[in-house]
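S.K.: Listed here are the chains, written in short residue letters.
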Amino acid sequence: MAVGCRFLWIGIFFCLFLGGCKEKALNSPHPQESPSDNTVYSAFLERPKTLDPAKSYSLEENTFIAQIYEPPLEYHYLLRPYELIPLTVTALPKVEYFSENNQLLPDNAPTKKVAYSTYTLHIKPHIEYSPHPAFVKDKNGNYIYHFLSEEEAKDISTLKDFKKKATRELTAEDYVYEIKRLADPQVSSPIYGFLSEYILGMKEYSKELEKIRKENAGRFLDLRRYPFKGAVATDKYTYRIFIKGKYPQFIHWLAMPFFSPMPWEADEFYSQSNLQKRNITLDWYPIGTGPYFMKENNPNQQIVLEKNPNYHEDPYPTKGMPEDVKRGLLKDAGKMLPFVHRYVFNLEKESLPYWNKFLQGYYDRSGITADNYDTAIQVSELGGIELTKTFKNRGIQLNTSTDPSIYYLGFNMLDPIVGGYGEKAGYLRQAISIALNMEEYISIFLNGRGLPAQGPIPEGIFGYEAGEKGINPFVYTWKQSHIERLPLEVAKQLLAKAGYPNGQDEKTGKPLILNYDAVSNGNPDERAMMEWMRKQFSKLNIQLYVRATNYNRFQEKLRTGNAQIFFLGWSADYPDPENFLFLLYGPNGKVKYGGENATNYENPLYDESFLKMKNELDTKKRLELIQTMLGLVRKDSPWVWGFYPKTFILSHQWVGPTKPNVFARNSLKYLRIQPERRKDLQELWNPPIFWPLYFILGIFFLLLLPVVIRYIKKQRASAERFKDD
Amino acid sequence: MIKYLVRRLLYAIPVLLGVNLITFILFFSVNSPDDMARAYLGQKYITQATIEQWKKSHGYDLPMFYNSEVSGIAKLKETLFFKKSLSLFAFDFGQSDSGRNIGDDIRHRMFPSLAIAIPSLLLGLFLNMMVALLLVFFRNTYIETTGVILCIVLMSISGLFYIIFGQFFVAKLWRLVPISGYLSGIDGLKFLILPVLVAIFSGLGMGARWYRSLFLEEIFKDYVRTARAKGMTEHMILLKHVLRNALIPILTGVVVLIPSLFLGSLLLESFFGVPGLGSYTIDAINQQDFAIVRAMIFLGSLLYILGLVLTDFSYTLVDPRVRLE
Chain A
1 MAVGCRFLWI
11 GIFFCLFLGG
21 CKEKALNSPH
31 PQESPSDNTV
41 YSAFLERPKT
51 LDPAKSYSLE
61 ENTFIAQIYE
71 PPLEYHYLLR
81 PYELIPLTVT
91 ALPKVEYFSE
101 NNQLLPDNAP
111 TKKVAYSTYT
121 LHIKPHIEYS
131 PHPAFVKDKN
141 GNYIYHFLSE
151 EEAKDISTLK
161 DFKKKATREL
171 TAEDYVYEIK
181 RLADPQVSSP
191 IYGFLSEYIL
201 GMKEYSKELE
211 KIRKENAGRF
221 LDLRRYPFKG
231 AVATDKYTYR
241 IFIKGKYPQF
251 IHWLAMPFFS
261 PMPWEADEFY
271 SQSNLQKRNI
281 TLDWYPIGTG
291 PYFMKENNPN
301 QQIVLEKNPN
311 YHEDPYPTKG
321 MPEDVKRGLL
331 KDAGKMLPFV
341 HRYVFNLEKE
351 SLPYWNKFLQ
361 GYYDRSGITA
371 DNYDTAIQVS
381 ELGGIELTKT
391 FKNRGIQLNT
401 STDPSIYYLG
411 FNMLDPIVGG
421 YGEKAGYLRQ
431 AISIALNMEE
441 YISIFLNGRG
451 LPAQGPIPEG
461 IFGYEAGEKG
471 INPFVYTWKQ
481 SHIERLPLEV
491 AKQLLAKAGY
501 PNGQDEKTGK
511 PLILNYDAVS
521 NGNPDERAMM
531 EWMRKQFSKL
541 NIQLYVRATN
551 YNRFQEKLRT
561 GNAQIFFLGW
571 SADYPDPENF
581 LFLLYGPNGK
591 VKYGGENATN
601 YENPLYDESF
611 LKMKNELDTK
621 KRLELIQTML
631 GLVRKDSPWV
641 WGFYPKTFIL
651 SHQWVGPTKP
661 NVFARNSLKY
671 LRIQPERRKD
681 LQELWNPPIF
691 WPLYFILGIF
701 FLLLLPVVIR
711 YIKKQRASAE
721 RFKDD
Chain B
1 MIKYLVRRLL
11 YAIPVLLGVN
21 LITFILFFSV
31 NSPDDMARAY
41 LGQKYITQAT
51 IEQWKKSHGY
61 DLPMFYNSEV
71 SGIAKLKETL
81 FFKKSLSLFA
91 FDFGQSDSGR
101 NIGDDIRHRM
111 FPSLAIAIPS
121 LLLGLFLNMM
131 VALLLVFFRN
141 TYIETTGVIL
151 CIVLMSISGL
161 FYIIFGQFFV
171 AKLWRLVPIS
181 GYLSGIDGLK
191 FLILPVLVAI
201 FSGLGMGARW
211 YRSLFLEEIF
221 KDYVRTARAK
231 GMTEHMILLK
241 HVLRNALIPI
251 LTGVVVLIPS
261 LFLGSLLLES
271 FFGVPGLGSY
281 TIDAINQQDF
291 AIVRAMIFLG
301 SLLYILGLVL
311 TDFSYTLVDP
321 RVRLE
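Protein chains in written order, with my numbering: chain A, 1 to 725; chain B, 1 to 325.
Hints are supplied without guarantee of correctness; some may be wrong.
Claimed, not checked - Using C-beta positions, here's what the derived DEER-type ranges look like:
1. A/Leu705 - B/Tyr4: 49 to 55 Å
2. B/Val148 - A/Ser380: 52 to 58 Å
3. A/Ile444 - B/Gly42: 27 to 33 Å
4. B/Phe89 - A/Thr549: 23 to 29 Å
5. A/Glu484 - B/Ile285: 45 to 51 Å
6. A/Leu45 - B/Leu10: 43 to 49 Å
7. B/Lys77 - A/Ile513: 47 to 53 Å
8. A/Lys163 - B/Lys56: 34 to 40 Å
9. A/Thr390 - B/Gly253: 46 to 52 Å
10. A/Asn298 - B/Val30: 29 to 35 Å
11. B/Lys77 - A/Asp371: 37 to 43 Å
Stated by the list, open to error - Derived, one-sided and incomplete: chain B residues facing chain A with beta-carbon distance under 8 Å:
12. Thr47
13. Ala171
14. Leu183
No lab work stands behind these hints, which were simulated from the structure alone.
Source: prediction; values computed, not measured.
Positions of the beta carbon are idealized from the N, C-alpha and C atoms, including for glycine.
Same shape as in the complex, but just chain A (with noise of 0.2 Å):
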């Protein structure tokens, strides 16, 4: 009888296990989804801080953020040099340049003469936001959850909790109010400080608001009723943004989430602290007009996204560019967008599950660690790569791209001994350049995925030259239709020329000793970036310190002008050559002005040439000048030209064609997948294999027979089995 119980409740656990499974894989994470419906299915690295259009500004972030709001301006997902187009505008908008008396002034009048510039920007009518409890009112037009007793709120733990929901129409207001956001003290966001630089009144206005919140501490403000002459709607469609001077790189920040629409309605039901307890707030459950809507938000576990049923028009774009034709991107010319239906992320903070749920055919697409690069990559018969035999007999695709992104090792130009302006301290710098060999670098540290810099713009933005045209002279030399680094020679010579012979101080004989100041983790991987700075230097002779610290303390360091070497990197925000040379622009020094040009570096020639760089548009002219520069920074070396990234991503066969296109950060609409195709071979790639726990059984109940005997001999046993007393 007991016997008979046990196996009943062993029958009662499997038929649970097998039963939570259904007719799907054991295998499978996903086991409340069918492989069979347009769903997506991938992944989020870490918990997002925040959904608030106005506060996030992460790319992993973004990822949620930009399929749902959408700001007024967007880029063509296959047009390549990057293009701006309208997204919920009917046009791109209009710039007009005013002088101090508010005199219209014609698009080239110089800049000095501008006092403000003007962006009128013209909504699409009937576009609806998604549907949302924010919006319901009663039959007499009363917003129902926007006063939410505690007994009301007391069932409600996410938004899903309430039962009706509404729409309305997108309006300019909208666009205003979020640009207020943008100046709320209580928001905080993180470009307050930088755009209010640009936007004219945002700093009073940022102040009136923070005397306004004051008053009426642990009150609802509604931002409508506090006018800001920075942003204005003229009409239920139309809504003008004020820019102090010049600006003309603004039209690019339309495009980023920060000038998403806010209804205020959202504002209102979300400042309610019965909500906010539930951690129902603006910063987890986003509101907007984009194709997908948050279905689901569990920052810590998982996150849907689906359809937005009241989503606008929007057709696949019926350009491209004649490689696309090739590659099928254009089959979907002028269908409406999204595809998928759905998209599922779960939280995976570990790469290795990611990558064997990936291969299992559990997550569509994947990224490829270093771990795991031999296993999907090789080198090909003609020098290139490729996917490796197992990979392709898989079907899955691969699509690489050279990121908008830069990698260097800094130089502090305030350092008495790497900084500098004169001929010495430029050989000196010159010649590390020359001893650093990023090729190796790159070659051991990323597998290969990344291009040797010779500049700071990267590959993909205007002012980037490929072939012999484009080489930094002072590192490298054409040959033969290859770059070739120069010989360490040179750089010795270089060494001696700068006051160093042989890496000795020629006026002490004392050996140069070099700080590189590095943020550490405790990973293993950084003591051998570590190492392998230090043999690089080694080559000239020279002798480095590695100044490992927290990110904190290396941040303070950069910020005070205590670092004397240092490797930092940049990320585009727009494809647009000054998002690059700002950083070695003089009145953005870190130190004396607290910008983002860490390494100091200041040249009247080089600032002089930015300026002018800056308003011009892609034109020959701005060419010339943007090549005027890079020789000037070249020759001056304040930064080692390290390297432009390369991102890898796999998918499997049922993931339609994609083109990588990091600007366009709302492309999950663009995506299309075959899902009964995905089924049948996640059914043929994960039946379960039950042998080997038939074997551990097997091998277990053979090594419980000795004992078993042992105490069968035991309990006959008589006088034996007292011995050890």
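Since the structure of chain A is provided, determine the placement of chain B on it from the hints.
M.R.: Coordinates of chain B only, in the frame set by chain A:
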């Protein structure tokens, strides 16, 4: 006994205050409010004005312990320590630096932690004791020697190895369970199998050896000899007498663990994608979210103290001679 419990709970107040103070000092000696603002706001285009705005809106613009700009008791109350740390004594965990209600997060995240911790503890305890009793039963035989060697082998292997081994063989090669993930309800049962097995086997070596030594201490005592003299079988002696008498040290180790089960396992939760409180703490440390760090340390200390009190209390249950006074 009530007096004793009240006294123990009152002792907890200075302990918790001390823990709070040390956490506060340690955290802010590594991270300044400016660093926290930068960690939250990101590194791009951040100006001092933005940082000041963030500090003000999150209450980090106050002095640490003493506010000379106000008068009276406000000198102590209008400080970071009072506002951020002492409110915990009222179980007001407040909001995380990213604006989430910490109390609500803890309420939601303790269940996934418990879903792994409870079966791991119960099954692990049962298995450890059974193996230990078996080794004691077969003491001075090759079975005991082999068993002890196996225990040492199991102890010597890193916990991470069990995770990777389990994920590789059971989930990847044999495809019997998902590699990682979590789901509440009956569908989520299969996600628990592997982490629970890993937790049990990674603790088996140490647990079995420890319990074996406890049982061996008992097995040579007079009452065991008396039981044998009365004709009891060896396995009955082990299960009825030795096990019961060895319960006090076992309880010391186990009861103290019970409250901290809520806090979850840092390693298991990270590798198996379980949204429990273990990963919550690690994330908070990585994101420099002081509000969560202080709340979790406070909760951890409180649960530890509670565990010790429960242990004392449990002594009276297993040994009638013990009285709490």
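S.K.: Decide, hint by hint, whether the structure agrees.
M.R.: How the hints compare with the structure:
1. A/Leu705 - B/Tyr4: 49 to 55 Å: Once the Cβ atoms are compared, 52 Å apart, the range 49 to 55 Å for B/Tyr4 and A/Leu705 holds.
2. B/Val148 - A/Ser380: 52 to 58 Å: holds (55 Å)
3. A/Ile444 - B/Gly42: 27 to 33 Å: Cβ of A/Ile444 to Cβ of B/Gly42: about 29 Å, so the range 27 to 33 Å holds.
4. B/Phe89 - A/Thr549: 23 to 29 Å: Cβ of B/Phe89 to Cβ of A/Thr549: about 36 Å, so the range 23 to 29 Å is violated.
5. A/Glu484 - B/Ile285: 45 to 51 Å: Holds: the Cβ-Cβ distance is about 47 Å, inside 45 to 51 Å.
6. A/Leu45 - B/Leu10: 43 to 49 Å: For B/Leu10 against A/Leu45, whose Cβ atoms are near 45 Å apart, the range 43 to 49 Å holds.
7. B/Lys77 - A/Ile513: 47 to 53 Å: About 52 Å separates the Cβ atoms of B/Lys77 and A/Ile513, which means 47 to 53 Å holds.
8. A/Lys163 - B/Lys56: 34 to 40 Å: holds (38 Å)
9. A/Thr390 - B/Gly253: 46 to 52 Å: Distance hint for A/Thr390, B/Gly253 holds at roughly 48 Å.
10. A/Asn298 - B/Val30: 29 to 35 Å: holds (30 Å)
11. B/Lys77 - A/Asp371: 37 to 43 Å: For A/Asp371 against B/Lys77, whose Cβ atoms are near 52 Å apart, the range 37 to 43 Å is violated.
12. Thr47: Given a least distance of 3 Å, the restraint on B/Thr47 holds.
13. Ala171: holds (6 Å)
14. Leu183: With a closest approach of 7 Å, the B/Leu183 hint holds.
Violation of the numbered hints given earlier is confined to hints 4, 11; the remaining hints are satisfied by the structure.
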